[in-house]
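Undergrad: These protein sequence lines map, in sequence, to chains A and B. Take any residue in the first sequence, count from 1 to its spot, add 996: that is its number in the working numbering. Take any residue in the second sequence, count from 1 to its spot, add 996: that is its number in the working numbering.
The hints are simulated quantities; they were obtained by calculation from the structure and are not laboratory data. Some clues are possibly wrong.
Identical chains blur together in the list; that is why a pair holds if it fits in one copy or across any two.
[Stated by the list, open to error] In silico DSBU-like cross-links for lysine-lysine, where the CA-CA straight-line distance does not exceed 35 Å: (1) Lys-1117 / Lys-1247; (2) Lys-1117 / Lys-1272; (3) Lys-1313 / Lys-1085; (4) Lys-1240 / Lys-1028; (5) Lys-1175 / Lys-1009; (6) Lys-1010 / Lys-1241; (7) Lys-1134 / Lys-1247; (8) Lys-1104 / Lys-1306; (9) Lys-1134 / Lys-1252; (10) Lys-1175 / Lys-1273; (11) Lys-1117 / Lys-1240; (12) Lys-1010 / Lys-1306; (13) Lys-1028 / Lys-1105; (14) Lys-1028 / Lys-1193; (15) Lys-1193 / Lys-1273; (16) Lys-1085 / Lys-1010; (17) Lys-1010 / Lys-1247.
2 protein chains.
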Amino acid sequence: MPTEFEFIENLRKKFALKRIGDDCAVLPKDSKTDLVITTDLLVEDVDFRLAWTTPELIGNKALSVSLSDIAAMGARPVWAMISIGIPEKLWDTDFLDMFYQEWFIVSKKFDVEIVGGDISKTPDRVVVDSIVAGEVAKGEAILRSGARPGDLIFVTGELGGAASGLKLLEGGVRLESAKSWQKTLIYKQLNPTPQVKTGIQFGESQMPSAMIDLSDGLSSDLAHICRESRVGARVFVDKVPIHKKINSLTKSRDEKLDLALNGGEDFELLFTVDPKKIFVLEKEHQNFPFHHIGEITANAEIIELISTGKTAILEPKGYRHF
Amino acid sequence: MPTEFEFIENLRKKFALKRIGDDCAVLPKDSKTDLVITTDLLVEDVDFRLAWTTPELIGNKALSVSLSDIAAMGARPVWAMISIGIPEKLWDTDFLDMFYQEWFIVSKKFDVEIVGGDISKTPDRVVVDSIVAGEVAKGEAILRSGARPGDLIFVTGELGGAASGLKLLEGGVRLESAKSWQKTLIYKQLNPTPQVKTGIQFGESQMPSAMIDLSDGLSSDLAHICRESRVGARVFVDKVPIHKKINSLTKSRDEKLDLALNGGEDFELLFTVDPKKIFVLEKEHQNFPFHHIGEITANAEIIELISTGKTAILEPKGYRHF
């Protein structure tokens, strides 16, 4: 049974699809600008559960996951469309009102214009397809394929929070009765914040050589960069920033690391930078909010996990659709 | 309970969405070109049934309904994306292969580049969101709002075929054992042909004052034009082109008319033309393939249905999602 990734790889080869393989497709807009565009399908009982979230949080997440893809290209989001299918039983409730209201709030926050969409009936479950387009200077979209041996690897925030939130939800914890630390983790899962500002800054500064957003999990997403760039990577275990609230969830070092390395949906940015540029990167970003977690190697598609005294191979274990 | 149309109207007002209300959103591309873009959600057991169709036909229809929206703007389709969700039980079959194969064939036929998409798991049903973008000269997208009293009303083909095909499928007729006339009607339902070439010609000639594709049905779609243009219309019953094979389905004149006036999904183009341009329209289109069915009036939002000696009011009765 092929995975989603293998299936898409097959399609890419079979139909010679040159624009597939990044967070967004890159298309020419005008003489100075490229358009980047992404579509993300969210399905009830696969990507969210109505009992665990709210219509507002679904509206926010639908737009945020696509904004995160735009950020990962170093682009500025410009417009959005949404297709939504809902069962008849929800049509008479305020579900759609709440959903759209939050979707509009998020679009306003990030200066994204709502330009269209589709609404349809479904037999029993909610489904949302979110489409967002962004703009970036011609030829300057930051791809997965630009990492070079010697480049340093960074992430924008702490990892494992969203996966920990999912664990809590699966264990029966609900937002309305959650403790403060649980709420923080659950919100990481249900209410992600796309790194729009950092994405725009990086598009302008052209600082990263490669970039991706952390949707599948660090081990999988770093593997995507390595594959597209035909390089390897070395990750220093002690440098991986584990979300602080995970300490309240588990004391096990292995479990915490597993959440940070393989947990999906943190929607932070993972990027690589030529070491010669680090001085400028530090100067441009006050209080340096990024975590240096490793470096790119020439050892194609091998990701080494380095801890004191030993080296292991990090296999992609993040979220798989199948 | 608001209809889908009413719900969208409310959104439009509430959030001052100026780009919503046509078949596509119109966005500036460069100094000479506008981008038009559409998204269409197709849901299993609402828009199609797996037992009635094939993966190839779903692939074709998903792209064709969006191409029809592009044609209705007078635009040339340029690129497409697709998001698809399928249940695990279909992942191991050739469903996706067959679906994509046909989708690629149709995209090639109409010179549309596939630029991306998303694949996701669903609990039990197939869902497809089709996104297509097109290009048209700046300011020359043909809108629903341009019809003026005195304009003549045309459709590109015969009507009611797709609704008749649906009736046959609902009555238990299946493609594999259908008679020839039944097959023709069922294919109108399952295998629509978007009027891409005519759409492009009309964008270039700027012949129509207003245009829409017949997805909901003539009575509903003409009402959309009347509403956006703040005009009325007069339809001559005897001029409505009823699909010829419907004669084999029913001898009832009322039933045939009902299928042609209210049946959805024919994906023909409905357009209005200033009578002063008719001579040029006839000259530009050999064997004049269009059917003149009526005229635009100043009687805002009232559609009169004229038959020998009497006038009735035509209410929108086409396909409603809710």
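Undergrad: Next step is simple, just say for each hint if it's right about the structure.
TA: Going down the list of hints, with the structure as the test:
1. Lys-1117 / Lys-1247: between (46 Å within a copy, 33 Å between copies)
2. Lys-1117 / Lys-1272: neither (54 Å within a copy, 43 Å between copies)
3. Lys-1313 / Lys-1085: between (37 Å within a copy, 23 Å between copies)
4. Lys-1240 / Lys-1028: neither (43 Å within a copy, 52 Å between copies)
5. Lys-1175 / Lys-1009: neither (49 Å within a copy, 40 Å between copies)
6. Lys-1010 / Lys-1241: neither (45 Å within a copy, 39 Å between copies)
7. Lys-1134 / Lys-1247: Close neither inside one copy (48 Å) nor across copies (61 Å); limit 35 Å.
8. Lys-1104 / Lys-1306: Result: close neither inside a copy nor across copies, 48 Å intra and 53 Å inter.
9. Lys-1134 / Lys-1252: neither (41 Å within a copy, 55 Å between copies)
10. Lys-1175 / Lys-1273: neither (43 Å within a copy, 71 Å between copies)
11. Lys-1117 / Lys-1240: The answer is between: 32 Å across copies meets 35 Å, while 42 Å in one copy does not.
12. Lys-1010 / Lys-1306: Neither: 41 Å inside a copy, 60 Å across copies.
13. Lys-1028 / Lys-1105: Result: close both inside a copy and across copies, 26 Å intra and 30 Å inter.
14. Lys-1028 / Lys-1193: both (21 Å within a copy, 31 Å between copies)
15. Lys-1193 / Lys-1273: within (20 Å within a copy, 52 Å between copies)
16. Lys-1085 / Lys-1010: between (42 Å within a copy, 23 Å between copies)
17. Lys-1010 / Lys-1247: neither (47 Å within a copy, 49 Å between copies)
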